Amino acid sequence: MDLILPYLATLVVFFFIYNIFTWGLNIQFGYAGVLDFTFITFVACGAYFAGVFALGPGSQQNGFEWILGLNLPFPIALLAGALAAGVLGILIGLIAINRLRSDYMAIVTLATGTVIYGLVSNFTPLFDGFDGLAGLSPPFAQALGLNSNQFTYLWVVVSGVVMVICWFIAQRILTSPLGRTMRAIREDQDAAETFGKDTIRVRLIAMSMGAVLAGVGGALLMGFIGAFSPAGWTSGETFVVWAALIVGGRGNNWGAVVGSFVVAVLINEATRYIPPVTADPTLIPTVRNMLIGATLILVLWVRPQGIIPETRRRFFQLPLRPGSPPVQEAESARG
Amino acid sequence: MPAAEAILTVSHVSHSFGGFRAVDDCSFEIAAGSISALIGPNGAGKSTLVGLIGGAMRTQTGSIHFAGRNISRMSAFKVARLGLLRTYQVSREFAGLTVMENLLVPPPNQRGESLFNALFRPSLGRVQDRELADRAFEVLETFGLLALRDEYAGNLSGGEKRLLELARAVMAEPKFMLLDEPMAGINPALIARLDGHIRRLRDDHGITFLLVEHNLDVVERICDRVVVMAFGRTLAEGQMSELRENPEVVRAYLGGGLDERAAG
Ligand SMILES: Nc1ncnc2c1ncn2[C@@H]1O[C@H](COP(=O)(O)OP(=O)(O)O)[C@@H](O)[C@H]1O
Ligand SMILES: [Mg+2]
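Chains as they are written, first to last, in the numbering used here: chain A, 1 to 335; chain B, 1 to 264.
Simulated from the structure, these hints should not be mistaken for lab results. All values reported here derive from a predicted model rather than from experimental measurement. It cannot be assumed that every hint is accurate.
Some, not all, of what chain A presents toward chain B, calculated at C-beta under 7 Å [said to hold, decoys possible]:
1. P125
2. G160
3. P177
4. R180
5. R183
6. D198
7. R201
8. D280
C-beta: ideal position from N, C-alpha, C; glycine also.
So that you can see chain A by itself, here it is in the shape it has in the complex (with noise of 0.2 Å):
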């Protein structure tokens, strides 16, 4: 029971961010279309940005050395997370979405992934290169007294209770006219200009509102680890989430959030405890993503819009008649 409980907990956690993930990347991808080969790079952007605002100041005596180091509590540090992930999505979708055709966007989302990835792991000065930041004590243990096991246990509840702003600002996006007029640019783009809508300017919303979710979940993962380093922002985290949101069904947040259970939590623990048959470190990854990209390949084959794809949005009218009393809305999910 000790030890279950916490292991449990732990799960909890990471599936809770895993889903904030899936959702951001809905946004971006599920909504509006928008290839972002690098959502990573936002993950890492909210994490770094939250780990240099909770933490205390770098010193270069100790060999750590960071930018910030503002020790301010840690809401704070994990808006200032969320908000500069966003204007690094505003960014990097200028660059990528900006008169550039959509085959053309993912890999300048990942080129630019590439050259932060660089950037960032080989210019200590920024966020300690590639030792990472390190040392943030968990937020709210100690004024609570939590000893390691309580803090797990709150940071369930604080995970818990972002994820579920996070759905609703996923939910309301896609419920809202806006979201609407983003899957019309998915399907689209050309046919959404002559409706007069401004198709860059949305798909940077979207790039921007999932990028804000990437730095979210980047934060609460700061937050509760404690430490972030370029080892933990690979390229290969990235399909990670996408094979969440492929699998679950993109569009639909209730399949992002089965996909990341399936992809996050399920193989990512069955392989956690792959007996060390060999001394080779990366048996355990490499195994865990060809588990992920097995199951991909077999969704695309059998299931391609997802487990659960997205809802079809029926509207009714009874009696069926001009002049009849207002138009109700319903929303039945697709069989």
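Starting from the structure of chain A, add chain B with the ligands where the hints point.
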């Protein structure tokens, strides 16, 4: 014809793809409140011109003015916001949206399209959607698409997609509709009804029409004026009955079609 004010002026517009001049020094004016047609053989450059007017491509030479504004280099969505709506020769439905949703995308000035309102005042969008959906119901009924309202647009037949294209255009409430072969693939009974819709939209809402159309009977029935294009150039302008007599036009385009019609 009374000299009404020109709402659209195309002057000396040329456009080349590589070395090929698809549109070559084209000039004409469209009077506000008129129903005009742009006709010409396949490859005459009609669709290219539609694209240039609608802002899908930047005009290389010459200029295009709409409602007193130079739109030659304006991007498509800004042209649309001035009230000029163009449709495509090939249906461009939002395949993954339902028919109803396809009609709810076009209306301008939707308050629920701002991020702030979407996040913090979702009821604004919902209330407006309800009004728009009411209007969309009427439009769908007019175009005979009401039963298909919850179907994904991608699942419609070719003819239904053409109707959807027009229904969407109506929802956008434009001042000017530039329709690229709107009747292609629609059955004759329906064409007769669409004629009526177009005339009614002009008469009741003052919408100006420029149709690219191959069906010359339709053109003769509803169009006040016709511009004939061939090989990228404007060949002649006038009323359909006059143009049928114009030897140059007959040679370039009407020839076979006219004779068949005269015989039949
Ligand atoms: N994107 C393009 N690239 C190259 N050539 C084109 C392109 N679009 C149209 N054309 C050529 O321009 C000419 C005019 O085409 P178009 O405007 O579609 O004619 P229409 O609509 O009158 O049938 C044709 O010869 C066509 O092959
Ligand atoms: Mg054409």
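Regarding the hint that D198 (chain A) lies at the interface with chain B, is the smallest CB-CB distance below 7 Å?
-> 5 Å, holds
Agreement of hint G160 (chain A) with chain B interface, Cβ distance less than 7 Å | 20 Å, violated
Taking the least C-beta to C-beta distance, is P177 (chain A) closer than 7 Å to chain B?
-> 3 Å, holds
Report holds or violated for the interface hint on R183 (chain A), using the least CB-CB distance to chain B and a cut-off of 7 Å.
-> 6 Å, holds
Would you settle whether the hint for R180 (chain A) is holds or violated, based on the nearest Cβ-Cβ distance to chain B being less than 7 Å?
-> 6 Å, holds
Hint validity - R201 (chain A) Cβ closer than 7 Å to any chain B Cβ | It is violated, given that the least Cβ distance between R201 (chain A) and chain B is near 9 Å, above 7 Å.
Interface hint compliance - P125 (chain A) to chain B, C-beta minimum distance less than 7 Å | 35 Å, violated
Would you check whether D280 (chain A) satisfies its interface hint, that is, whether its CB is within less than 7 Å of any CB in chain B?
-> 44 Å, violated
This entry does not satisfy hints 1, 2, 7, 8, going by the numbered hints stated previously.
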